[in-house]
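Q: Here are the chains, one letter per residue:
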Amino acid sequence: MTQLLPFKLGEEIYALDVTDVQEVVEGPMIYPLPGAAAQIRGAIGFHGRILPVVDLPLLLGFAGGQRAERLLVLIEAHGPMVLAVDQLQPIIAVDLVQCTLIQSSSEEDCIRGVLNWRETMISLLNLEQLQHRVADLCSRSGG
Amino acid sequence: MRVEISYKFVVGFIVVVASVVLLNLLVPQLQIPAGLHQLVTIGGALLVGLIFGWIFSKAFTANFGILNEGAERLSDGDLSRKVRLRKGVFSDETEDLANSLNLVVDSLRNLVGQIRGSSVNVNESSLALAATAEEMTATSHEVAGSIEQISRGAETQAEMVERASRVIKEMAVEIELIATAANKLAASAEETTSTARQGEQMSGTALEKMKQVLSRVEENGAQIVAFSDQVQKIGTIIDVITGIAQKTNLLALNATIEAARAGEYGHGFAVVAEEVSKLADSTSESAGEITRLIETTREQSQRVQQSMAESIRAIDAGREAIDITGSSFNAIVDKAETAQRKAVSISELAGKQSHGTQSIVAAIEEIARVAEDNAASTEEVSAATEEQSASMEEMTFASQRLSKLADELLTSVSRFKLGVSGETGPA
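From first to last, the protein sequence lines are chains V and D.
Okay, so the first sequence: first residue is 1 according to this note's numbering, each after it adds one.
Okay, so the second sequence: first residue is 144 according to this note's numbering, each after it adds one.
What the hints contain is simulated information worked out from the structure, not anything from laboratory work.
In this text, a Cβ means the ideal position worked out from N, Cα and C, and glycines have one as well.
Some clues are possibly wrong.
[Claimed, not checked] Some chain D residues flagged as far from chain V (calculated, every beta-carbon gap over 10 Å):
(1) VAL160
(2) ILE194
(3) ARG224
(4) ALA315
(5) GLU334
(6) THR335
(7) THR338
(8) ILE367
(9) GLN443
[As the list claims (entries may be wrong)] Here are the simulated distance ranges between beta carbons:
(10) PHE412/D / ARG49/V: 53 to 61 Å
(11) GLU362/D / ALA93/V: 30 to 38 Å
(12) ARG49/V / GLN445/D: 44 to 52 Å
(13) ARG49/V / GLY386/D: 20 to 28 Å
(14) GLU76/V / THR379/D: 35 to 43 Å
Only chain V is shown next, with the shape it has when bound in the complex:
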């Protein structure tokens, strides 16, 4: 059994493995980063460290909506960085073997796979691709 943390990006539902998440923080002060790309909303202080906040819907090309108060802080292995999403949903427990896992065809795609959970399509985010994109963004903007 795998525990997934689903969230909304626009009208789509994406999900992360709970083990990829360090912590969920609510309503921290976001300091804007001058000269950064638009997809980088700014930075927050987290346990004495400064972490960048990535606007995930903007990065993945979804229409801009109201971002949730709660931000996802990823584990050290993935940056570390903070993701701003549209809406967090309660954690679900799924059996990834039983679920239909569609292998991604494109290397550029940020989707690791798609599963059908209770008549809802949930896309699993490919964090490595995402990390690459953010790294690209940061290198292009000179960060």
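We have chain V; now place chain D onto it with these hints.
A: Coordinates of chain D only, in the frame set by chain V:
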């Protein structure tokens, strides 16, 4: 000195005889032949006789001529002059005769004068009478015409009186209707008065009730405001609870993440974290429900406050309306009392009028009777005037005849000449 004619003849004879004797004595003394004595004596006697005879006859003839003339004048009707004999020394029977004639003349003259005056008067009077009779005839004709008019007028009058009587009777019926209507009006005005008084009392009571309702509503408004404040406080408390629930949820979420990272060791912790999350969720749901309820309550209380304000305005308006209603009822009471009084007086007046019309009906019937009597009387008067008219014509005729008779009498009397002075007494 009065000497009768016979004595005068005797005296004359004696004088003649004495003169003859005297001549017989005187002649012989004259120087005339004796043969002539006898002749002279006879001649002297004849001469004396002739002289005396002439004197006597002259005197008698003159007096008788005057008498004759006076008698002839009298027979001719000339009464203007009296018989006047020559004044002789010795009066005789001729003077008596003249005096008698003069008496006759005077009597006749008086008589004729009286007859003439009377006949003139009679003529004038009869002419005046005729004129008067004609005037009277004309007048009686006019009277007849007038009476005919009066008769026609009396018929019209009778007709009018009948019509007036009918109208008055109809009027009497109408007046009775008016009296009945006025009585009903008085009764209904009384009812109106009592009803309006009840209404006045009711409006006073309603005003009191309205004031009570107003104070209640104001109290209720204050209570609702207090209630709203309480609900507001509950809202703030619920906000705090919601915050706590969210925090708890977040904590549970992070605990779940931590538990997941701990793997098999964190399983029990994960269960607890899930329970905590569920509790936080249900707390959050309940808080949300309470918030919704508070919203609804607030909206409702606002609506209630609005409607209370409207109610207060409506009650104020109602109070004013009830005030106006009270004063209107007062006015109605006044008007109704006035109407009642007027209706009562109308009723009384109508009763009086009814009596009056009865009197008028009686009077008109009396008038009708009098008019009928008048009609009968005018017919009688008409007949009488016709008779009078006929009599007047007869009278005119008679007076004309009388005038003619007076004329004839005057003509008869006009033979007599009376002279200038008709009023001389007998000489």
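Q: Against chain V, does THR335/D keep a CB gap of more than 10 Å to every residue?
A: holds, 75 Å
Q: Is it the case that ALA315/D keeps its Cβ farther than 10 Å from each residue Cβ in chain V?
A: holds, 100 Å
Q: Starting from the hint 20 to 28 Å, judge whether the C-beta atoms of ARG49/V and GLY386/D obey it.
A: holds, 26 Å
Q: Run the C-beta distances from THR338/D to all of chain V and say if the shortest one exceeds 10 Å.
A: Consistent with the label, THR338/D stays out of reach of chain V, its closest Cβ about 71 Å off (over 10 Å).
Q: Using the Cβ atoms, figure out if GLU362/D sits within 30 to 38 Å of ALA93/V.
A: Hint violated: Cβ distance 59 Å, outside 30 to 38 Å.
Q: Hey, is VAL160/D genuinely clear of chain V, shortest beta carbon separation above 10 Å?
A: Label holds. Min Cβ-Cβ 223 Å, cutoff 10 Å.
Q: In this structure, is the beta-carbon distance linking GLU76/V and THR379/D contained in 35 to 43 Å?
A: holds, 41 Å
Q: Is it correct that the beta-carbon of ILE367/D has no partner in chain V closer than or equal to 10 Å?
A: holds, 36 Å
Q: Taking 44 to 52 Å as the hint, is the beta-carbon distance of ARG49/V and GLN445/D inside that range?
A: holds, 50 Å
Q: That 53 to 61 Å hint for PHE412/D and ARG49/V (C-beta), does it hold up?
A: Since the Cβ atoms of PHE412/D and ARG49/V sit about 26 Å apart, the hinted range of 53 to 61 Å is violated.
Q: Taking the closest pair, is the beta carbon of ARG224/D still more than 10 Å from chain V?
A: holds, 182 Å
Q: Confirm or reject: GLN443/D is not an interface residue toward chain V, with every Cβ-Cβ distance exceeding 10 Å.
A: holds, 30 Å
Violated hints, in rising order: 10 and 11; the structure is consistent with all others.
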